[in-house]
Structures are given as C-alpha cells and as structure tokens.
Amino acid sequence: MTATEYKAGSNLEKVLASGAFAVTGECGPPKSADGSVIEAKAKLLKGYVDAVNITDNQTAVVRVCSMASGYVAQQNGVEAIMQMTCRDRNRLAMQADILGASTLGIKNILCLTGDHMSFGNHPQAKGVHDLDAINLIKMYKDMRDEKKFQCGDEMTVAPELYIGCAENPFADPFELRALRLRKKIEAGADFIQTQCIFNIPKFKQWMQEVRALGLHKEVKILAGITPIKGAGMANYMKKFVPGMDVPQEIIDRISGQEKGAPQQAEGKKLAVEMIKELAEVEGVAGVHIMAVEWEVAVPEIVEAAGLLPRPAVA
Amino acid sequence: MITAERKPLDEILELVGDKKKILVAGCDTCVAICLTGGEKEAEILASELRILAEKDGRAVEVEHTAAIRQCEWEYLDMIADKVAAADVVLSMACGIGIQSLAEKFAPKLVMPAVNTNMLGMPQEHAVWLERCVACGECRIGLTGGICPVVRCSKSLMNGPCGGSHDGLCEVTGPEKEEIECAWALIWERLKAQGREELMFTDRPPKDWSKSSSGGPRKMVREEAKPV
Chain A
1 MTATEYKAGS NLEKVLASGA FAVTGECGPP KSADGSVIEA KAKLLKGYVD
51 AVNITDNQTA VVRVCSMASG YVAQQNGVEA IMQMTCRDRN RLAMQADILG
101 ASTLGIKNIL CLTGDHMSFG NHPQAKGVHD LDAINLIKMY KDMRDEKKFQ
151 CGDEMTVAPE LYIGCAENPF ADPFELRALR LRKKIEAGAD FIQTQCIFNI
201 PKFKQWMQEV RALGLHKEVK ILAGITPIKG AGMANYMKKF VPGMDVPQEI
251 IDRISGQEKG APQQAEGKKL AVEMIKELAE VEGVAGVHIM AVEWEVAVPE
301 IVEAAGLLPR PAVA
Chain B
1001 MITAERKPLD EILELVGDKK KILVAGCDTC VAICLTGGEK EAEILASELR
1051 ILAEKDGRAV EVEHTAAIRQ CEWEYLDMIA DKVAAADVVL SMACGIGIQS
1101 LAEKFAPKLV MPAVNTNMLG MPQEHAVWLE RCVACGECRI GLTGGICPVV
1151 RCSKSLMNGP CGGSHDGLCE VTGPEKEEIE CAWALIWERL KAQGREELMF
1201 TDRPPKDWSK SSSGGPRKMV REEAKPV
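Protein chains in written order, with my numbering: chain A, 1 to 314; chain B, 1001 to 1227.
Every clue listed holds true.
A few chain B positions that, by computed beta-carbon distances, are all more than 12 Å from chain A:
1) Glu1063
2) Thr1065
3) Val1083
4) Asp1087
5) Arg1195
To give a feel for the contact side, a few chain B residues facing chain A, derived at Cβ under 10 Å:
6) Gly1163
7) Leu1168
8) Cys1181
9) Glu1188
10) Thr1201
Everything labelled a hint here was simulated from the structure, so no lab data went into it. Positions of the beta carbon are idealized from the N, C-alpha and C atoms, including for glycine.
Start from the sequences, fold in the hints, and give me the full structure.
Below you can see the structure in the form of structure tokens.
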C-alpha cells in the first residue's frame, strides 16, 4: 500500500495495513490538571503498543480531556487514539474538536456513545446525545472523504482520520450484534475495538457471524483484553460494569490464588493465554489491552504474548 | 397525558412564605388523572396547609379551587374571583397551566406546587411511564411504534448500545428500578411486523431545531383562525 492510499497514515493504520498483528493500549487521563500522569503512562507504554486509547471522561467521570491527553501522549512517543463520546458534546463541538485534534497531529479517533451520566460523578449532568456513535462515524467520514461538515458546508483542508468504534459482542440482543457492526462499517468505521473478552466461546460465535457476513475483510477487528488484577475486580466487573460477561470459571481461577501478587500474576498469565488464543481466530487483526489503572502490567503481557518488537512501519 | 408530582411540603411552605391568603388551584385535566393536582388533591393540600398553620400558631386563610383546564384562558375566567382574593396562588397544574395562570392574573404571585415530569401514560394502575418528549420530528413509524428518543436512555437512533442486557437498559431509574431497553423492544416489534430491515437502515442525525433546542416553539393553524 502506498502512502497516498492510507486514509490517515497513522502508525496504527499502517501496522494493520501491513498485516501485522496490532497491539493497542489504553490510558485513562488523571482526575486533576496533572499532565505528568499522562506523560508517565505514555512512557511506560512506548514501544509496547502501536497506539494508545485516550479515554474521554471514562465512566462519566471528569478527567483531563482526551484531546490534550492525546497530544501529551504523542509528545512522549506513543500514538494516540482519541476517544470521543456523544454524551458530552453536540455536533458543533464534536466537529470543532476533531479539527483541533487534527491540527495537533492526532489521527486515530474512536467514536463512542459514552457511558451514561448516571454511572459517573456528575449524575445530574444533562446528557447531550445530539448524535449517536453511528451518526458520529458518518460525520467524521464525510469530513475526511467529502471535506464536508455535517450541515453540508465545505472545508478547505479535511482532517486526516483513521476512524474507529467499539462493539460489544456480549450485549443483547446477540442476534443483532454482528449486523450492528455492519451498520458501523457502512457508516465509515475503519477499525473496531471490542468490549473486554472473558467469554471466549461466545466471542468466537460472534466472530463466526462476523465472518459469515464478510465483515472481517472490511474492518480491522481488535479483540479487547483486560488483565484481571484480582478476584475483587473480576467480581466487580461481573456485577457492576455494564455489558461485561465474566464467566464464573475465570473468577474461580483468579480466586484460587492468594490475594495480591499471586492473583496479579495469574491475571497476567490469563491475559497472555487469551491473547494467544484470540490471535488464532480468523479475522482478529490485533488486540486492544485495557489494563484499567494497571498500565504497568502491559509491557510484561505484550512481551510474554510474543508480540515484541512492535513493527516499525514507514 | 402530562404528568406531575407534588413538591415536598417543606418546599411548598417556603414558596408560600409569610403570605396570609393562600389559594390552592387544582386543574381537572391531566394532573387530575395522574392523581396529583385535581380538585381533590387541591383540597387535600389546602387542608394540610391549614392544619400545619394551626399547629404552628400562624393565622392563614387557605382556600382551594380547580379549573377544568388551567391552560386555557376561558377556564381561568371561572376562578378569577378566588384568585383576586388571594395573596398567593399555589397552582397544582402542569407547567403550562401554572404559566397560563401567572400570565392571566399577572402580577399575582403564582407558585408551583408540583413538578411537571413527563408526557406519559399509566402502564398499570398508579404507574406512569414516559412516552414522548415532543421532539417535533416523530420517527416512530420506523421503529415499530416505540420511541427511542425518550425510551432509550441515550436517545440512540441506530440500534442498541453495548449496555443492553436481557432486554434491560444498563441504566436504572432514580429509585433503582429497571428500565426496558427500547431497542430490544423495537427489534422484537419489528420482527413481529416482518420489518427487520428497518433495524439496519441508516438514521441520520435528528433535527433538534424542531425540539426545544430551536427555542420556544409556536404552532399556527391558519385555516382554523377566525375569519
């Protein structure tokens, strides 16, 4: 693929286009104006991931914005995937922010609906939801490919964007999930990252439907992995995190170890095993490692999964 | 219909302040049907205020009345005398009725005794569910007669988010009550209608200028105007 054929020419896009198995990470910005936190997380992940998601007020809790954090991450050597939720911005803000992000050199964007306000620390906030994630994908695609704003007005310089979105293979109605992915691809998604996978058989069943529709050839699918830090976290995710499917045997496996370092070691071991298994699934183009407030575990997991060194693409 | 809930008594007392002549004005249309602000509820609130005043040793006069509809000028004429005699009117109508009353009898002090909360319907006896937000651009013809703008917690237009589970929304109501996933309902309805393909058609962004985002709305029916 020549440079001119890239949609944005981001590192992530090039790695995926090369056919290499991609690795993305995740960085949650701090709940204060402390930019050094982002800097430290970026330095930790540099060389171990192809790009890092910068969350956008994740779980509806106020944090440093994803644009500024993404910029800081890139200044520190890790390419950003800027998350953008429909919860906090209307179409004016979402277009203005993508132009701003683009001028700062951010090319990967992840279009999300966003966790509902009721889960966060400002449950009394007014949810915007002017557009939904599919509307957002389409709007950004039109900005990039047609040089058009959502209203139809034209712009002189279009943002260069590699457009991603999320998909949860474990949500209901299950029969809709692969078809909904097709809708996202039709809207303009270039890559998707899945919800954390713990139930591998169900994920494989979903991938079978995805392949039956030929969607794995139209979009790059990154399988979501969350290393489990302890039995408490596994139980919490099972009970309280929306859309999460954590089978009991996973919880039992972690609980079988002593609290602390032994459970952490088991969590990392499990993550490595899962990455290896998912990498064998036809249509999985990479892995997205969401080590929630446990970024320090990522280098070790990536190395143990045999995914080093990360490819250098021109 | 429009539903409302009565404000807590403490808040009502604060709104009334030190006024001596109080009129509690009910409305015998929507808020009467949802058992919040009809004549009967106005009478109950008036009694409560009287008992409380007596207990606290305050000398107040509390009357009650009700208009057939507080949101129409002609029905307000029928309660004009009682309004004129009061220092403050506690309206138990919806926000429309309260404002009509305040406008009709301006600058009379008119206070809300209820919080208007939704356009809903009684799903079962004494349980009301929201069904419309008057967005001004109805698309339920494409969604099996189920409105995702108001019944999906995130007003999604293109199908369920990743938080739909066993037919339920990831969001729970203020009292931790379960909420049905609108898109799960829509999918089942479309399947039953044999119109599954509607689930996969692209729904462009909504035109919110037709909702309250466009500023206060106005409707004129030229053909219905008096000649």
